[in-house]
Amino acid sequence: MEIDKQFLAAPVKTSVDKFQLLPEFLKVRGLVKQHLDSYNYFVRTHIKKIVQANDLITATKDPSIYLRYKDVRIGEPSMVLDGVTEKLTPQKCRLLDTTYTAPIYVNIEYVTGSHGSKTTQMKRDVIIGRMPVMLRSCCCILHGKDEEELAKYGECPLDPGGYFVVKGNEKVLLIQEQLSKNRIIIDTDNKGCVQASVASITAKTKSKTIIRMEKEKIYLLLNKFGTKVPIMIVLKAMGMESDQEVVQMIGRDPRYSELLLPSIEEGRALSILRDIFLANIPVDQDNFRSKCIYVAVMVRRMMEAILNKDAMDDKDYVGNKRLELSGQMLSLLFEDLFKSMNEEAVKSIDKILAKPSRSSRLDISQYIVKDSITFGLERTLSTGNFDLKRFGVNRKGMAQAVARLSYIATVGHMTKIIPQFEKSRKVSGPRALQPSQWGMLCPCDTPEGEACGLVKNLALMTHVTTDEDEGPLISLCYTLGVESFEYLSGEEVHMPNSYLIIFNGLIIGKHRRPQRFSNAMRTLRRAGKIGEFISIFVNEKQRCVYIASDGGRVCRPLVIADKGVSRIKEHHMKELKDGVRTFDSFLKDGLIEYLDVNEENNALIALYEDNAKEKTTHIEIEPFTILGVCAGLIPYPHHNQSPRNTYQCAMGKQAMGNIAYNQYCRTDTLMCLLVYPQRPLLTTRTIELVSFDKLGAGQNATVAVMSYSGYDIEDAIVMNKSSLDRGFGRCIVMKRMVSVCLKYENSTSDRIIKPQREGQDCEKMQILDDDGLAAPGQTIRADDIYINKQSPIVTRVPVKSPMALPDSSYRSSREHYKGSVGESAVIDRVALFSDRDNNMKIKFMTRQTRRPEVGDKFSSRHGQKGVCGTIVQQEDFPFSERGICPDLIMNPHGFPSRMTVGKMIELLGSKAGVSCGRFHYGSAFGEPSGHADKVETISETLVKHGFSYNGKDFLYSGITGEPLQAYIFMGPIYYQKLKHMVLDKMHARGHGPKVMMTRQPTEGRSNNGGLRVGEMERDCLIAYGTSMLLYERLMISSDEFVVQVCRKCGLLGYYNFKLKTGICSTCKNGDNISTMKLPYACKLLIQELQSMNIVPRLKLTEA
Amino acid sequence: MVSANEEQRTEKIPVWDLPDVPSGNLPAHLELQRTRTVCTNDAPIHTENIQYSGAYASMGVDNSMRFEKFCKNFRVEVIRLGDDEMEFDMVGIDASLANAFRRILISELPTMAIENVLVANNTSVVQDEVLAHRLGLIPLKVDPRLFNYKSENDQPSEKNTIVFKLHSRCEKKSSRINVKSSELKWLPGGSEFALSTEKPTQDSTSKVKTYTSFTCSQDSLPEFSSNPIAPTHDDITLAVLGPGQEIELEAHAVKGMGKTHAKWSPVATAWYRMLPEVILLQEIEDEKAEELIKKCPVNVFDIEDIGKGRKRATVARPRSCTLCRECIRGDDWDKLVALQRVKDHFIFTIESTGALPPDVLFTEAVKILEDKCERVITEMS
Ligand code: SF4
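Protein chains in written order, with the UniProt record's numbering: chain X, 1 to 1103; chain S, 1 to 381.
Incorrect hints may appear among the rest.
As the list claims (entries may be wrong) - So the derived label-pair ranges between C-beta atoms look like this:
hint, chain 1, residue 1, chain 2, residue 2, range
1, S, Thr363, X, His816, 54 to 60 angstroms
2, X, Val580, S, Thr123, 44 to 50 angstroms
3, S, Glu379, X, Gly710, 27 to 33 angstroms
4, X, Ile959, S, Glu379, 20 to 26 angstroms
5, S, Glu379, X, His816, 49 to 55 angstroms
6, S, Thr123, X, Glu570, 52 to 58 angstroms
7, X, Arg829, S, Ser175, 20 to 26 angstroms
8, S, Gly309, X, Ser897, 55 to 61 angstroms
9, S, Lys180, X, Ile959, 38 to 44 angstroms
10, X, Thr85, S, Ala120, 41 to 47 angstroms
11, S, Lys159, X, Leu1011, 32 to 38 angstroms
12, S, Val78, X, Glu147, 52 to 58 angstroms
13, S, Thr123, X, His816, 24 to 30 angstroms
Since the hints were made in silico from the structure, they are not lab data.
We treat Cβ as the ideally placed atom computed from N, Cα and C, and that holds for glycine.
Excised from the complex, chain X in its bound form:
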C-alpha cells in the first residue's frame, strides 16, 4: 500500500471552514438589513412611543374637552381611488407615479357634546395620515414573500429593498454619520484649549455643553448663557457646598487640585442649569447631584487630558460615531409633524370655543387633519430636505433617487454613509482611514475628489443597531452590584479600585469588580438574556465600564473563542449544512456574538483559528468581509495598489449590465442594459453572496496584452470587429418620455386625435397608430411626432359643452421627439395610466441598441478604464497556436505604473477556468482559506492544458503571418462597458440658437450650444498674434452688432429707417453719427451702466 508521506506529515487541519456562515448570515439579514431594521423599529415600537408621549390634546380654555390617542399602528399599503381603497404593490406605484404608502391608524378617545353636556366616545382605526412604506420592511407586502410570489407582484427577487417609492421615484434615505450624542468628548478647540463637550439630545431639547480650560481657569460654555461661567460657580449653584467637596468629587489627585486652584479662587439661572445644561442627565426635584457628578467627571477627564495628551478623544474614531438611519430620521419627522398636527387641532378647537354661540355639536375628532402628515412625509422624501423647526434641523440631500444604473449601484447606494459636517474643509483627519473602521466600514469604497474619505460604505457583515429599552438594563446593572451614587460621598466616587459604570452616557454608579461585572453582563448577552447588540466595554485607562444599548452603533459578528479555541466546531458547520442550524441558533448558543467598535477594544481577535493564542477571545469569520459590496466584486483586490480598488468601486456603479429581473417592466428615465451580460469567469465569494453572478454587468473578453497599431496609447484599447459583430459590448439604452393629458378648470381637457395620413406633417406622423400615439416597435427619428395631442384654446373661462368642443377651439400641442438628427430610436413600450390628479399620463419608453464604437469607455474590474481607440478586422488581429483570436488588445504600459497585479492574476485564473471548466475564485485575502485560487495552482492547471505556466502564448501576427517576436500575455478578463458613450457626448455646431439677452451662442450640448473660446484659448491666440482669427471667433461668429455712435457725445444712437440715417437721441440730430460694429454684450453693458446712472462714452478716432 502506498502511503502519502506528505499527507501524514501535514499538520492536522484544525481550522473549521466558517464561510458557510456568511450566506446564512446574509439570508437572515439581507443586504440592507440596517435600513429595514431601523424602519421596522420605527413602525413597530417608536411610533407608539411618540404617540404615547403626545397622546393628549386639550382645549386651552377648557381642559375637559380633550382627545386622547390610545393606540397607533400602520395598516397595509393601499391607496384610495375614487373612494375605493385599493391595495398597492411597489411596482404599481413605480408605474403609476404614486407613493407607496400605508395608512396610519389610531384609536382615539374624545369628548363630544354641545352646551355643557359632554360624553366621551371611542373611535377605532381613525386615519391620521399615510406613512411611506419601505420596501421589504414589515409593513411592505413583499415582506417574507418567496421568489414566485415576488414575481407575481412584478418585483425582482434580488432587489434588496430598503428604499421608498415616492411619486413613482425610488428614494433612499441615506445613512447619516454623526458624532455620538450624550457622550463626553475631550478634544481641543481651534485655539488649542482642552475642552470637554457633550451634545445632549432628549425627546424635548437639544443642547451642547462645553467645559473648557482657558488660561488656567475652567469655564462652562453654554449657548443660553451669554458669557462663559466659571465652573466652580456652576457647581456651587448646583448645590456643592464647599470647595472641598468639589475637589473630592473630581478626585483627590494633588495634580488635579493644582489645576483646579485658579478656578477655585475666582467667584442664578437654575432653570437653565436644570433643563438645558447637560440636558441628557435627568434631574428630579431639583436634585442636582447627578449633574454635579457628571460635571465632575467631565472636568476630571478634561484635566487628565491636559496632563496626559493620550487621554484626548479622537473624533474620527468610529466608536464615537453613530449612524442615523431612515427609521430614526422618519421618527424625528413624524414626531414633528404629529405635534404640529395636534397644535393645529388645538388651535382650531380654541377658535370654535371662542365663538360666542356654537350651534353644532363639538366633535373634536374632526379637527385632526390627516393631510399634513401625509404631505409632510411625502415632501421630505421627494425633495430630501429635512426641515424640523423644533430641533432647528435643516438638512438637504438626505433622500436621493436610487441609483439604478446597475444592480451593484443599487446595492451600493443602500450601504452608503454620508457625513453631516461640511465637505469643503481641508483637513485630512476625517478623511483618513481609521484603524477602527476595520470590518465595519469598507476601506476601499469611497468617492474620489471632494467627498473622498468622508462618504463611506458599510462592510459586508456590518450591522447597525437600533435603540433598546434602557430601564430593565439599568436595573440589571444594579442587581449585578453597581453602587448608586446616592449613597456614596464624593470621596468614594474615585476610589482607586472602583470603576464608574456609564450606561449610554449616563453615569449610573460604580463597581468594585469591573471585570467580574462585565463578564457577568457578557455571559447574560451570550445566553440571550439581554439584547445581542448591547456592548460592554471596560476602559482601563478611564477606569470606566461603558454599557451601550443605543441605536446607530456599528457592530459585526465574530466567533467566540475560549482561550484561543474556537467555539465553532466541525459538527456545528455540518449541522448548518444540513439545515438543522441557522445563523440565529449560532447566536443563541453563544458561538457567535456581535461586537461593536468599543467592545472590540476588549477583545483579542485572531484572523484565523491557526494563529489564535492563549489570550485570543474571538476569531474572524472571514477576512474578506472587511470589504463592502462594491469592493467585493474585485478579484484579488489584495494584490492591487489600493487606489485602483477605490477607482473600481466608483466605476462598478457605472457599468452596464442587468439591473433587475423586472428591468423590461420598469419605466426609469434612463436605463443602460447590456444585451449579453455574463457572469465573471473569475468570481469571488462576495459576488455569489450578492448575486452579482445573476445580474452581471460585463463580459469576459479575451485580452491580449500587447501594443498594436498605435491607437492604443493612453489606455485606449483596440477591439476586434468580429467580436463586436457577434455581440460583444452591445447595449440597449432606454429613455422615457412622458406626456400628460391635462384636465382644465373649465372641465375641458386635452385630447389625442387620429393622425393625418396625408398632407402636411403626415411624414412626421408615420409612426403614430390610429389612436394618435406612437406604436411600439416603430422607429422614431428626430422631430417625429409621438403624440398627436390637442389642447383647448380656452381653459379658464367656463364653456358651454366642455366635452364636445368643436375642432376649431383646439390648438395643436403635438410633442416632437428631441433627438439629434440621424439618430433614431425604437418605441419600446407605451403605458397609459391616470395619475394622482386623475389626468391621463402616457409614458413612452424608447430604446436604442448600440454597438461599441470608437470612443466608448470600457474598464476591467481593477480601476483600469480606457476608451476604444480603434476597431480592427479580425484577420488583422493576432491569433494563437490554437486559433484563438483576442477580443481586445490592451497596451502593456497600463500595468507598471498602476500595479494592478490582481488583473494579471485574474487573467491567469480565467484562462485556467476556461480550460478546466471550473469557475475560479479570487476573494480578498482568500488564499489561506481556499476562497482564492493560488497562482501556483492556477499555473499548474494551465500547464496541464498545454499553456505556458505564465499565461503567455505564442502568437502569429495577423498582418504578416509571421510569429510575433514575443510571447503575449493573453487570456480572458471581465470587462465592463461604462455608461459614457460617444453617441451621448459628441457635439458640434455651425449656426445655432443664441441666448436672448446677450445674443451669444447658447451653452451646452443639450441646447445645441456653441463651443467656447475661453480665456486660455484666447490667450493662446493673442500670443500667436492671429488677430483676425480672434476677431472672427469673438465677434463675427458670436454676437456682432451694428451700432450708431455719436462722435460728439459718445453715446449710442439709433438708426432711423425712414430717414435712412443714424440719429443720436441725446443730441437730437444725426450730424455726428458713425456706424460701427460691437459685440452685443458690450452694447448691453453700456446700456446697463446707463441705467445705473453711469455714462460710458465711446471716444472715436479716425483709424
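Chain X is fixed; fit chain S with the ligand onto it per the hints.
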C-alpha cells in the same frame, strides 16, 4: 530528429574558425536562422522571413524565390477532413502566402446570411434588433456560389435572396417554449408579406406585390429541389416565449463577405501553426529522461531502452507540442532541449460554419487569391 547542426548551436565558434562551406550552401547557423523560428524561454527568435533575394549573396547563395524550386518543394497533405473541420499541412510556402489564405477564408469568401428581418409581430422579451442580430448570426446551409450579390438598388429576386419565415406562438396557459433555429422555414417562393405601400387589390387573381419579386420558386431550381435550404444547426435558441407571446417574422438572407460583418464569414475560424520541432541537444538519460517525460503535458517525449537498464529520452510526437515551454523551464533545461518551428511548414486548420465543406472553402480561397494576382498583373501591365 537530431539535426546535424547541433554542435554549432551548443558552443560558440569564432567566425574565423568556421569551416569553409561549399558555395551554394549556407553555414548551419544561418540556415537555421533562415528556416526555423527558435522558441527560447524569453521570446521567439528569428521569427521574420528573409525575403531579400540577395540576403546571402556574399556567400554565393541565391535567396530569391524560384518557381521551379517552389514546385519541387510545395506539398499539401490532408491530415484530417470532416464535415466542418479539416486539418492539412502546407509545406514549402511562405508565411505571407499561408496568411493570405487565412485572411481570405475569414473575410473574403462570401456566404449567405440573414440581413433583413421584417417583423410582423414580436411580443417576446427579446427586442426586435436583438432578435434580428441573433438571426443574422445563424449559419445557413446553402452554397453561396449559386447566388449573386444584391446591391442597394437591386430588386430582391430568386438569384440573390433567400427568404425564411418564422412564426412561433406560445399558447396561453402552456409553459414557456424555446424558439429554435429549426423553426426557420424556407420560403422558396419568396416573401409572403404584402408590400405596405401597395393597396390591397380587389382582383384576387393578380398576384399581391410582396417584398421580393421572384420570377420562379427557388425549389424548382435544380440546385435546391433535392437540397432544401435550412440553417446548419437546428438547435440554436433564438428566443424564449412565455405564455401568450408570439413571434412572426420574415428573414431575408443575402450574399455578403466577412469583411462587412462577421456573420458572412464562412469559417468559425481558420488558422495555422508552424510545425513544431523539438530537439534534444544532448543525450538525456535515466532520471533526467523520466523528468523530461513528466514535464510535457502532451506527451511529446518517449523513453527508449538503450540496454543495460539505461533509458534515453526521445522525441516521439513533436507535432503535438503546444509550446507550453515546460520542457525548457528551469535549471538549464534550455541547454538540453530546443524548441523550434519550421518556417515553411504550416499546419492549417479550417473550421467551417457549414455553408461549404472546408476543403471546398480552401479551393475557393485559392481561386480568390488567383483572381487577385491576375488583377494585379493586369493592372500593372
Ligand atoms: S513545449 Fe511543452 S508541449 Fe512542447 S515539448 Fe515542451 S513540454 Fe511538451
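So, going through the hints one by one against the coordinates:
no.: 1; hint: S:Thr363 - X:His816: 54 to 60 angstroms; in the structure: holds (57 angstroms)
no.: 2; hint: X:Val580 - S:Thr123: 44 to 50 angstroms; in the structure: holds (47 angstroms)
no.: 3; hint: S:Glu379 - X:Gly710: 27 to 33 angstroms; in the structure: holds (30 angstroms)
no.: 4; hint: X:Ile959 - S:Glu379: 20 to 26 angstroms; in the structure: holds (22 angstroms)
no.: 5; hint: S:Glu379 - X:His816: 49 to 55 angstroms; in the structure: holds (52 angstroms)
no.: 6; hint: S:Thr123 - X:Glu570: 52 to 58 angstroms; in the structure: holds (54 angstroms)
no.: 7; hint: X:Arg829 - S:Ser175: 20 to 26 angstroms; in the structure: holds (25 angstroms)
no.: 8; hint: S:Gly309 - X:Ser897: 55 to 61 angstroms; in the structure: holds (58 angstroms)
no.: 9; hint: S:Lys180 - X:Ile959: 38 to 44 angstroms; in the structure: holds (39 angstroms)
no.: 10; hint: X:Thr85 - S:Ala120: 41 to 47 angstroms; in the structure: holds (43 angstroms)
no.: 11; hint: S:Lys159 - X:Leu1011: 32 to 38 angstroms; in the structure: violated (51 angstroms)
no.: 12; hint: S:Val78 - X:Glu147: 52 to 58 angstroms; in the structure: holds (55 angstroms)
no.: 13; hint: S:Thr123 - X:His816: 24 to 30 angstroms; in the structure: holds (28 angstroms)
In terms of the numbered hints stated before, the structure departs from hint 11 and from no other.
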